[in-house]
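Asks: From first to last, the protein sequence lines are chains A and B. Yeah, the first sequence ends on 612 if you go by our numbering, and it's all consecutive. Yeah, the second sequence ends on 333 if you go by our numbering, and it's all consecutive.
Any given hint could be a false lead.
What the hints assert, rightly or not - Derived DEER-like restraints, expressed as beta-carbon distance ranges:
{"no.": "1", "chain 1": "A", "residue 1": "Trp39", "chain 2": "B", "residue 2": "Asp117", "range": "55 to 61 Å"}
{"no.": "2", "chain 1": "A", "residue 1": "Thr275", "chain 2": "B", "residue 2": "Tyr305", "range": "44 to 50 Å"}
{"no.": "3", "chain 1": "B", "residue 1": "Ser281", "chain 2": "A", "residue 2": "Gly296", "range": "48 to 54 Å"}
{"no.": "4", "chain 1": "A", "residue 1": "Leu5", "chain 2": "B", "residue 2": "Gly250", "range": "53 to 59 Å"}
{"no.": "5", "chain 1": "A", "residue 1": "Lys302", "chain 2": "B", "residue 2": "Glu112", "range": "35 to 41 Å"}
{"no.": "6", "chain 1": "A", "residue 1": "Phe293", "chain 2": "B", "residue 2": "Asp117", "range": "45 to 51 Å"}
{"no.": "7", "chain 1": "B", "residue 1": "Thr23", "chain 2": "A", "residue 2": "Ser301", "range": "15 to 21 Å"}
{"no.": "8", "chain 1": "B", "residue 1": "Asp318", "chain 2": "A", "residue 2": "Gly296", "range": "26 to 32 Å"}
{"no.": "9", "chain 1": "B", "residue 1": "Gly76", "chain 2": "A", "residue 2": "Gly563", "range": "26 to 32 Å"}
{"no.": "10", "chain 1": "A", "residue 1": "Arg216", "chain 2": "B", "residue 2": "Thr23", "range": "42 to 48 Å"}
{"no.": "11", "chain 1": "A", "residue 1": "Asp585", "chain 2": "B", "residue 2": "Gly76", "range": "27 to 33 Å"}
No lab work stands behind these hints, which were simulated from the structure alone. Idealized CB from N, CA, C, for every residue including glycine.
Given next are the chains, with one letter for each unit.
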Amino acid sequence: MKKFLSLGLVRGLFWQMLGTAVGIGFVTGVRWLMKLEAWKAEPAVVFGALIGALFFLYGVGAVDGWLKWAAGEETPEHVDESGLGWRRYFGTSLDHKVIGIQYLVFSLILMSVGGSFALIFRTELAETQMQFLSLNRYNTFMSLHGIVMIVSILLGIAAFMNYLVPLMIGANDMAFPRLNAFSFWIAVPAGIILLSSLFLGGFDTGWTGYPPLSARAPLGMQMFFLGVSLAGFSSIFGGLNVIATVIRMRATGMAAFRMPIFVWAALATSLISLTATQLIGLSFQMVMLQRLFGLGFFDPSKGGNPVLFQHLFWFYSHPAVYVFVLPGLGLISELLPVFARKPLFGYRWVAMSSLAIALVGFLVWAHHMFTSGMAEYLRVPFMYSTLLVAVPTGVKFFSWVATVWRGKISFETPMLFVLAGVIVFLLGGLSGPPNATVSTDLHLHDTYYIVGHFHDTMYGGYIFPFFAAIYYWFPKMTGRRADEKLGKLSFWLIAPSFTVMSLLMMRIGLLGMRRRIADYDPALGFQPFHLMMTVCAFLTAIGVLVSFINFIYSIKKGKSATGNLWNSRSPEWQVPSPMPAHNYDRPFEVVGEPYDYGLPGSRYVKFAGDKE
Amino acid sequence: MKHIPIVALIILLGTLGVHTGLTSIGLLPVQASLQAVEVDRLLNVHLWLISFLFSLIVGILLYSLVVFRRRKGETGDGAHIEGNNTLEVFWTMIPLFAVIFLAYIGAASLGETRRIDPTALQVRVIAGQWYWRYQYPEYGISTSDLVLPIGRQVDLQMTSNDVIHSFWVPEFRLKQDLVPGQTTELRITPSLIGEYKVRCAELCGTSHAYMEGLVSVVSQEDFDAWVQTQQQSGEIDPVLRGQQLVAQFGCGACHSIDGTEKTGPTWQGLFGSQVPLTDGSTILADREYLVSSIVNPNLHIVDGYSPNVMPSFAEILDQTEVESIAAYIETLK
Chain A
1 MKKFLSLGLV RGLFWQMLGT AVGIGFVTGV RWLMKLEAWK AEPAVVFGAL
51 IGALFFLYGV GAVDGWLKWA AGEETPEHVD ESGLGWRRYF GTSLDHKVIG
101 IQYLVFSLIL MSVGGSFALI FRTELAETQM QFLSLNRYNT FMSLHGIVMI
151 VSILLGIAAF MNYLVPLMIG ANDMAFPRLN AFSFWIAVPA GIILLSSLFL
201 GGFDTGWTGY PPLSARAPLG MQMFFLGVSL AGFSSIFGGL NVIATVIRMR
251 ATGMAAFRMP IFVWAALATS LISLTATQLI GLSFQMVMLQ RLFGLGFFDP
301 SKGGNPVLFQ HLFWFYSHPA VYVFVLPGLG LISELLPVFA RKPLFGYRWV
351 AMSSLAIALV GFLVWAHHMF TSGMAEYLRV PFMYSTLLVA VPTGVKFFSW
401 VATVWRGKIS FETPMLFVLA GVIVFLLGGL SGPPNATVST DLHLHDTYYI
451 VGHFHDTMYG GYIFPFFAAI YYWFPKMTGR RADEKLGKLS FWLIAPSFTV
501 MSLLMMRIGL LGMRRRIADY DPALGFQPFH LMMTVCAFLT AIGVLVSFIN
551 FIYSIKKGKS ATGNLWNSRS PEWQVPSPMP AHNYDRPFEV VGEPYDYGLP
601 GSRYVKFAGD KE
Chain B
1 MKHIPIVALI ILLGTLGVHT GLTSIGLLPV QASLQAVEVD RLLNVHLWLI
51 SFLFSLIVGI LLYSLVVFRR RKGETGDGAH IEGNNTLEVF WTMIPLFAVI
101 FLAYIGAASL GETRRIDPTA LQVRVIAGQW YWRYQYPEYG ISTSDLVLPI
151 GRQVDLQMTS NDVIHSFWVP EFRLKQDLVP GQTTELRITP SLIGEYKVRC
201 AELCGTSHAY MEGLVSVVSQ EDFDAWVQTQ QQSGEIDPVL RGQQLVAQFG
251 CGACHSIDGT EKTGPTWQGL FGSQVPLTDG STILADREYL VSSIVNPNLH
301 IVDGYSPNVM PSFAEILDQT EVESIAAYIE TLK
């Protein structure tokens, strides 16, 4: 019991409850002193949630190092956590591998929560008419599915960037370990606040939260805004850390064009999250202020403009989709050469295409607004810039097929997920241009076609590569291999059923199925399609569950795998698994190209003291 | 290099197969406007590109997975090919040209769908949670169904009364948001007689799914006849007219007629009573008060209720309509 109470997470949650109570009490007290009606839920709960999050960070110990510095105390460079065992995963750790796994587990938890929300409203959609959900509940689940999945994805990419980037470039940790721990831990109260909206009236706006609707939604709306704003700090600080680490801490000889390709992807994605995330925070906080203090930013009766919100919102939220997919595409480029036993075709082009996508991604936001009523002439330049994204994306696809061409391809579980990623992302990519040309988009906008399109890009660009990466680096994290049979079973459950579901979404979208509706007109004849999609959704969920069972089982019972299981050239596989506490006991030097598979006698890295 | 001709054949057959498959299953609802023809034409160009690119990538990929798979007992690596800059330049330039081509025909297609006919029928569209409403200024009528004559362009001037909505008739293809505080425009030339539904496409709150309305495309004669009946019904009893308007605009969501407490004050027994206001004074609920409460709701706030909740209907209802609603309220004893 004492051990349990000393866990950082438990202390953090206790402090969060305390902080929330203090915040609510403070606002109520001030109102009472000002002789206003003492209890007003919205300001009290918002302020309480904010203070609760800050108290959590103190309670969990995420600011201990900085407080000590402020008090003039020294902190050790390396903290020895080896005596803590599994308990170090439940408190503030400064080890990037521990933080990476913390991110990974939290991401999987949120993925289960967000996925369950989807199953709930997907079941409701299997029949026309409302079955068991109220309209407001439906909208709340639908909205939370979106934002919880987005936060889960942000945590998932942070997991692999944290775990892999230092290992791949030969650093012993991230550039700013305390900031790194802070970035992770702020996501925890953010997630709690986000989910609390479910119990505070929910919200009916979707994850986009467009005013004026969001200015009138229930109190849950504010928890959504606050949760996302806090989670944004995680992205911003995480991005900063990755950029500093990649620029400053590479091993000797690792020139920019000798970095593993995933590091390029992490860099490109971090540049976006460092510079764009502020805009979604800003747009959400403006609506919060509109609701709390009556500032009329988006209220036409006070001279505000609702369309302005959409510009601010999409200025982040479009580049954000590249934040989600660039690391996944990097993982595909990273793993294909290993399983095809061939160099990555056109390494430099692939690396540059990530940066090109990140750059062009900043100039396309208003393609989400072709029907919004913004200045009409703006639609044309945004159509041009959007179509341009196809060029660097095309380079990636061509390079991937050229990589497998004349390879010696084997089909272990990670490779299966990678290949599904390529094909599903292709479906997502090819369904994109009809949304880019304005006149066709005027039909497709806000329909299930869009829903199918972006689920394909998210599964192809994130979910499949993410599962590939878990199966691939599982031995590195645990010293054991995840079970192949269960892995393949999981794959064959997820990939076909998901693909069918997304194609059906596009099909009924073209025929007139709108997005975000709790019920649909039976006259349209969509009911059989919806039933099929619901079945597919459940098969996908069972597949994910099989993988979860596999991971839990294999941590303890999996086949021991301490060596270079995949016969990879990457430095982290040249040392035994699981990874030692401070990474490489002997520093390495880069002496060759990263992906020279098939070139006899070549190697990528040479460890100090190795024989020639 | 016996691989190349086989792959080329797979890609060719794949392209034709995918395109035939996609177009034969009936991808779209019927075309009921001239603009739909333009949209569908551009979509067909996209379908060809999609069929080709899908077959290209998946064709090569699947071929490689089968032919270049690792056989049982085989060890060693694949061919050591690092890349080929000529190829890279080639497959950067070809998509670039395809993109420029799409950009050109995309802009041309947008221009066609936005072509303006100066003789277009003017209709003002007002949306709110959760209703559609139309005014025909040429004929002085306002309705809750949209009736359009075939073959004549209609110029929809649209605004919203509360949150953002979006006007979409799938058979017409085009879609345009309705934004509070501004007027947006959508031009459609109906080309097929029939009954369709406008479906709100922008999430507008809990009952978004049910925000649908009837859209009829009729012959010119039927349209003229319909206009005439509508004009006559405008002369009906103002109390009845008021009751219709109240139902159309969903006033009952906030105002009860039986004394039930809702977001706004009840209408029961309102007329002729002394209404207490937030500033401590009272006001007599006469016709003038009722009218001013509809067109300028923030002028007098009833004690116990909040300002800025009810939108103004000054832009949405004309003078007779406001008077009709007031006349209806006066009957609620």
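Asks: Compare the structure with each hint and give your call.
Replies: How the hints compare with the structure:
no. : hint                            : verdict
1   : A/Trp39 - B/Asp117: 55 to 61 Å  : 59 Å, holds
2   : A/Thr275 - B/Tyr305: 44 to 50 Å : 46 Å, holds
3   : B/Ser281 - A/Gly296: 48 to 54 Å : 28 Å, violated
4   : A/Leu5 - B/Gly250: 53 to 59 Å   : 55 Å, holds
5   : A/Lys302 - B/Glu112: 35 to 41 Å : 39 Å, holds
6   : A/Phe293 - B/Asp117: 45 to 51 Å : 47 Å, holds
7   : B/Thr23 - A/Ser301: 15 to 21 Å  : 49 Å, violated
8   : B/Asp318 - A/Gly296: 26 to 32 Å : 28 Å, holds
9   : B/Gly76 - A/Gly563: 26 to 32 Å  : 19 Å, violated
10  : A/Arg216 - B/Thr23: 42 to 48 Å  : 44 Å, holds
11  : A/Asp585 - B/Gly76: 27 to 33 Å  : 31 Å, holds
Checked against the numbered hints listed earlier, the structure breaks hints 3, 7, 9; every other hint is satisfied.
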